[in-house]
Structures are given as C-alpha cells and as structure tokens.
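*Asks:* Respectively, the protein sequence lines represent chains A and B. Residue numbers for the first sequence follow this note's numbering, so the first one is 1 and each next one is one higher. Residue numbers for the second sequence follow this note's numbering, so the first one is 1 and each next one is one higher.
The reader is advised that the hints may include incorrect statements.
Any copy, or any two copies together, can satisfy a pair, since identical chains are not distinguished.
[Said to hold, decoys possible] In silico EDC-like pairs for lysine to aspartate or glutamate, Cα to Cα no more than 20 Å straight-line:
#1 K59 <-> D92
#2 K193 <-> D181
#3 K37 <-> E53
#4 K36 <-> E49
#5 K166 <-> D117
#6 K36 <-> D89
#7 K193 <-> D127
#8 K166 <-> D127
#9 K37 <-> E49
#10 K59 <-> E135
#11 K35 <-> E7
#12 K35 <-> D123
#13 K59 <-> E179
#14 K37 <-> D123
#15 K59 <-> D127
What the hints contain is simulated information worked out from the structure, not anything from laboratory work.
Number of protein chains: 2
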Amino acid sequence: MANGGPEIEQLIQLMARLPGLGPRSARRAVLHMIKKKDGLMIPLSRAMERAVEAVTICKVCGNVDTRSPCAICADPRRGESGLLIVVEDVADLWALERAGVGAARYHVLGGVLSPLDGIGPDDLSIDALIARAPEYSEIVLAVNATVEGQTTAHYVTDRLAGSGLKVTRLAHGVPVGGELDYLDEGTLSQALKARTEI
Amino acid sequence: MANGGPEIEQLIQLMARLPGLGPRSARRAVLHMIKKKDGLMIPLSRAMERAVEAVTICKVCGNVDTRSPCAICADPRRGESGLLIVVEDVADLWALERAGVGAARYHVLGGVLSPLDGIGPDDLSIDALIARAPEYSEIVLAVNATVEGQTTAHYVTDRLAGSGLKVTRLAHGVPVGGELDYLDEGTLSQALKARTEI
Numbered sequence: 001m002a003n004g005g006p007e008i009e010q011l012i013q014l015m016a017r018l019p020g021l022g023p024r025s026a027r028r029a030v031l032h033m034i035k036k037k038d039g040l041m042i043p044l045s046r047a048m049e050r051a052v053e054a055v056t057i058c059k060v061c062g063n064v065d066t067r068s069p070c071a072i073c074a075d076p077r078r079g080e081s082g083l084l085i086v087v088e089d090v091a092d093l094w095a096l097e098r099a100g101v102g103a104a105r106y107h108v109l110g111g112v113l114s115p116l117d118g119i120g121p122d123d124l125s126i127d128a129l130i131a132r133a134p135e136y137s138e139i140v141l142a143v144n145a146t147v148e149g150q151t152t153a154h155y156v157t158d159r160l161a162g163s164g165l166k167v168t169r170l171a172h173g174v175p176v177g178g179e180l181d182y183l184d185e186g187t188l189s190q191a192l193k194a195r196t197e198i
Numbered sequence: 001m002a003n004g005g006p007e008i009e010q011l012i013q014l015m016a017r018l019p020g021l022g023p024r025s026a027r028r029a030v031l032h033m034i035k036k037k038d039g040l041m042i043p044l045s046r047a048m049e050r051a052v053e054a055v056t057i058c059k060v061c062g063n064v065d066t067r068s069p070c071a072i073c074a075d076p077r078r079g080e081s082g083l084l085i086v087v088e089d090v091a092d093l094w095a096l097e098r099a100g101v102g103a104a105r106y107h108v109l110g111g112v113l114s115p116l117d118g119i120g121p122d123d124l125s126i127d128a129l130i131a132r133a134p135e136y137s138e139i140v141l142a143v144n145a146t147v148e149g150q151t152t153a154h155y156v157t158d159r160l161a162g163s164g165l166k167v168t169r170l171a172h173g174v175p176v177g178g179e180l181d182y183l184d185e186g187t188l189s190q191a192l193k194a195r196t197e198i
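Just chain A, with the same shape it has in the complex (with noise of 0.2 Å):
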C-alpha cells in the first residue's frame, strides 16, 4: 500500500539490489521511470526483455555476448597476434576493449584466488585458461594491482611455468593525467625503476 501497490513494491525491492543502488535511491530510480513512462520506462522494460533473450555467457572466453563463443573469439583476425589477455572480471575486457587495445584475445577468470573468503583456484576458470593458453605465444596478465590479484597473477605463471609460453603483465606507472603529488609510494618508485628514455 505504501508505496502505490505490490508491483511497484516488488520493481522497487529488486532495483535495490542492483550495486550503487539502496532502498531509498531504488525508490527514486522507479518513481524517475513512472514520471518517464513512455520515455525511459517502456524502453527500458523491453531493452531488459531483449537482454534477457539475448545474453549468454563465451563458452571458451567467459565474456558476456550475444552469441557463444562471443564476437571476440570469433573474429580470426583476434587470433592472429597469439595476445591473450587474463582478466578477472568482464568489466575489465570491456574496460581493455574501451582502450581500443586492438587485436587480442580475452580469458575471463571470474574473480581472483582469495582464500578468506573461500575461493580456490577451482572456483576460478584457471583449468579452462591453462588448456587453451597453449594456442597463444604470450599471455597478458591484466589483473587488478590488488593482493588478492597479485597471488592470482602468480599461481596462473606458475601453472604456465614450464609450458614455454612467454607471461607478462601490465607495467606500473603514473597514470597519464595524473599528478605526482598525489600519487602513492608503491607507485612512484615502480614508476621510477621502470623508467623509459625520452
């Protein structure tokens, strides 16, 4: 009754489970869409619908797509650099992908290894990465600059140790745009050991 009836009641409690969301800007989010039906809340119900339809899950790359395997590992012109790129998460290919870093394929692991909270290399999709790595002459691993990222970064090279592959990570450094004023230590002094001639 509160809130105008049980359908939006329900709308409104399964919003705040979105992340970034809590009951009150949940509440805010449908009461925006109710004012904007035509405009914003027709559209979005039949975008989530088609969505819904839609998406499925890489068999072979674990990215989100349309179709399975998804546009990356289809395109042939991906596998010609033999790049694959380790992340954790979808967020980070589509971040990569963003980037524009060009012709590369993608290994989603689906979290990193983090034994407080349970999760083994069995949890992770290692085993798939490690069994299709062999089609590849380098892997990138592009995980977060996190502990947890680290230890997941150095059980994946030693699983790849002695397959010859040729494993590397991401450089540290100043981020373009930033100030170095604001910037960590850790970062600073990896910036400094990793300079480059001008």
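Take the given structure of chain A and dock chain B to it, following the hints.
*Replies:* Then chain B, alone, in the frame of chain A:
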C-alpha cells in the same frame, strides 16, 4: 561490439538515465544483472513489465498507484479526518505514509513554483487543489522547507484565503535524534520560538 552486443549496450544506455546512475555504474549494474540472470535479471524484467502495465497516476490526487482513484483516495476512512496534506512530489507522499501519518488524504502538486525555471502556477496541480479543498476541513502544506517550497506555500495560502479553510504547515524544529551542535541557526531559532512545555 565493445560491451557485448547492441542489446546490452542499449540496456546500459537506458539504465544510465536513471537518477543516481551514470554510464559507469549503469555498466556495473547491468553486468551484475547478467551474472545473476535467473535470480535478478529475469525477475526484474518481469517486475518492470508488470509495473508498466499496472501503474497509473491517480486523477484525483496525483499519487502513483495501480488504480485511479488510488487506494488512498478510494478509502472512505481516509476522508473522515478532513485532513488534506499537500506535497510537492509522490516521493514526499510515500515518505509521509512510511512515517505512519494515518487517516489523511493527499494532493500532489507535481513540483514547486520556480520563476527562474519557468514553472508557474499553471504548471502545477494548484487549480485542482483549490477545487477539491472545500471537501476538507484542514489543508496541511507539507512542502519542502526551501525557498521555492515556501513560495509555493504562500501562493497556495493566498489562493485559499477566502475559503475559510484552516491552512497549516509542518512544524520546524530539532530533528528527532539530531544533535544541536550540527543544526543550522535558522532551525535552532525556530525550535526555540516554538518550544513546548514538558
């Protein structure tokens, strides 16, 4: 392509138009949905579809409900008190209902007077309020304590002047649980003026 197909891209763009979400958080929300397809995305899609079909605006008071007149306007016990609470927005109505205001009816203005934004009396549901006000014995102006809100309250009071109706506003004072030290001078001075005997 970048974000896994046009269906996903479109869903992200529409989600980004909700208040409190930007392009980045919309992407996060959509990825979260896709990962929890059965538990969240499908129920959310259905809830949205149901809400699109069910939701309507009450022709009497402007509330959002699944029928018009809304449940509040249709409930005869709500009318007995003779109390009509005037609010700016449906969100305020919901807030008052959550506060357990009890037997009262509402009137949603749909905004506040704001000459700078070109919002005049004809853009709000003021004529409808004047028309239905005589059915009630007391009109509570529960508008926000902002300049625009108070301007609107003054205007509505002027329009109701000759009707002989009792027009009231919400009390100003110390919020329950609030610390005096953090309150602004205006609120404190109002709270002192309106002090009550224990």
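*Asks:* Compare the structure with each hint and give your call.
*Replies:* Hint check:
no. : hint          : in the structure
1   : K59 <-> D92   : within (18 Å within a copy, 48 Å between copies)
2   : K193 <-> D181 : within (18 Å within a copy, 51 Å between copies)
3   : K37 <-> E53   : between (23 Å within a copy, 10 Å between copies)
4   : K36 <-> E49   : both (19 Å within a copy, 15 Å between copies)
5   : K166 <-> D117 : neither (31 Å within a copy, 61 Å between copies)
6   : K36 <-> D89   : between (33 Å within a copy, 14 Å between copies)
7   : K193 <-> D127 : neither (34 Å within a copy, 72 Å between copies)
8   : K166 <-> D127 : within (18 Å within a copy, 75 Å between copies)
9   : K37 <-> E49   : both (16 Å within a copy, 11 Å between copies)
10  : K59 <-> E135  : within (16 Å within a copy, 66 Å between copies)
11  : K35 <-> E7    : within (15 Å within a copy, 24 Å between copies)
12  : K35 <-> D123  : between (43 Å within a copy, 15 Å between copies)
13  : K59 <-> E179  : neither (41 Å within a copy, 56 Å between copies)
14  : K37 <-> D123  : between (42 Å within a copy, 19 Å between copies)
15  : K59 <-> D127  : within (13 Å within a copy, 61 Å between copies)
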